[in-house]
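A.B. asks: Sequence:
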Amino acid sequence: MAVLVVLIVFVLLIIGFLLVPIDFYINTERDEYYLRLKGLATVSMEHDQEEVIKLKLKTLFFHHYFYPLRGKSSKKQKKIKDNKKTGGKNVSIKRIVALLKSFKVKRFVLDIDTGDCIANAKLAPLFAFLNYYVAHFSVNFEDRNFLLIHLHNRPINLIKSFINTKT
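With the UniProt record's numbering as the guide, the letters of the sequence shown map in order to residues 1 to 167.
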């Protein structure tokens, strides 16, 4: 009986992890960049005084900072590697495109100024056409550039698109 209960709880946890939403958010106006598994974890990119970039991993009761551009410590001696190829497979372009297509665009805003008033004037009709069909595009003449992307997905959709794509 206890084994059955543990098995049911395990299956429900697996299903829960497959259905948890994944949000990818980029906002250049407010300098917000994060990848979030709702209710579980958030990885956000922040600016740092000493390092250029620091990544903040935030889970339920845990906060940790990573510095991806910091060099690894040279305390350990380097091992000599053989020039043997590993048995890993290369991921095809079709698979990458299928994974990218599985994301849903919740919000896309682009507000640009090229610095050239003639180029801005040429972009204005194109952006007006794209506003009607695709997302929110605008041209400004105020030397302001802004991008907001909010993508949404679930792990089950990523797995399905990875499996169903033929290489």
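Heads up, a few of these hints could be off.
Using 30 Å as the maximum straight-line C-alpha spacing, the simulated DSS-like pairs for lysine-lysine come out as follows [unchecked claim]:
{"id": "1", "residue 1": "Lys122", "residue 2": "Lys58"}
{"id": "2", "residue 1": "Lys38", "residue 2": "Lys54"}
{"id": "3", "residue 1": "Lys160", "residue 2": "Lys122"}
{"id": "4", "residue 1": "Lys106", "residue 2": "Lys94"}
{"id": "5", "residue 1": "Lys104", "residue 2": "Lys58"}
{"id": "6", "residue 1": "Lys122", "residue 2": "Lys94"}
{"id": "7", "residue 1": "Lys104", "residue 2": "Lys160"}
{"id": "8", "residue 1": "Lys104", "residue 2": "Lys38"}
{"id": "9", "residue 1": "Lys104", "residue 2": "Lys56"}
{"id": "10", "residue 1": "Lys166", "residue 2": "Lys106"}
{"id": "11", "residue 1": "Lys104", "residue 2": "Lys94"}
{"id": "12", "residue 1": "Lys56", "residue 2": "Lys101"}
{"id": "13", "residue 1": "Lys38", "residue 2": "Lys106"}
Using C-beta positions, here's what the derived DEER-type ranges look like [said to hold, decoys possible]:
{"id": "14", "residue 1": "Leu13", "residue 2": "Pro125", "range": "45 to 55 Å"}
{"id": "15", "residue 1": "Ile53", "residue 2": "Pro125", "range": "45 to 55 Å"}
{"id": "16", "residue 1": "Phe10", "residue 2": "Leu35", "range": "21 to 31 Å"}
{"id": "17", "residue 1": "Phe162", "residue 2": "Phe141", "range": "27 to 37 Å"}
{"id": "18", "residue 1": "Leu147", "residue 2": "Glu50", "range": "40 to 50 Å"}
Please keep in mind that the hints were generated in silico from the structure rather than gathered at the bench.
Beta carbons: idealized from backbone N, C-alpha and C, even for Gly.
A.B. asks: Evaluate each hint against the coordinates.
C.D. replies: Verification of the hints:
1. Lys122 x Lys58: 44 Å, violated
2. Lys38 x Lys54: 21 Å, holds
3. Lys160 x Lys122: 41 Å, violated
4. Lys106 x Lys94: 23 Å, holds
5. Lys104 x Lys58: 24 Å, holds
6. Lys122 x Lys94: With a Cα-Cα distance of about 34 Å, the restraint between Lys122 and Lys94 is violated, given a limit of 30 Å.
7. Lys104 x Lys160: 15 Å, holds
8. Lys104 x Lys38: 16 Å, holds
9. Lys104 x Lys56: 25 Å, holds
10. Lys166 x Lys106: 28 Å, holds
11. Lys104 x Lys94: 18 Å, holds
12. Lys56 x Lys101: Between Lys56 and Lys101 the Cα gap is close to 27 Å, so the pair holds against 30 Å.
13. Lys38 x Lys106: OK: Lys38 and Lys106 at ~15 Å, within 30 Å.
14. Leu13 x Pro125: 45 to 55 Å: 52 Å, holds
15. Ile53 x Pro125: 45 to 55 Å: 38 Å, violated
16. Phe10 x Leu35: 21 to 31 Å: 26 Å, holds
17. Phe162 x Phe141: 27 to 37 Å: 44 Å, violated
18. Leu147 x Glu50: 40 to 50 Å: 27 Å, violated
When the structure is compared with the earlier hints, violations turn up for hints 1, 3, 6, 15, 17, 18 and for no others.
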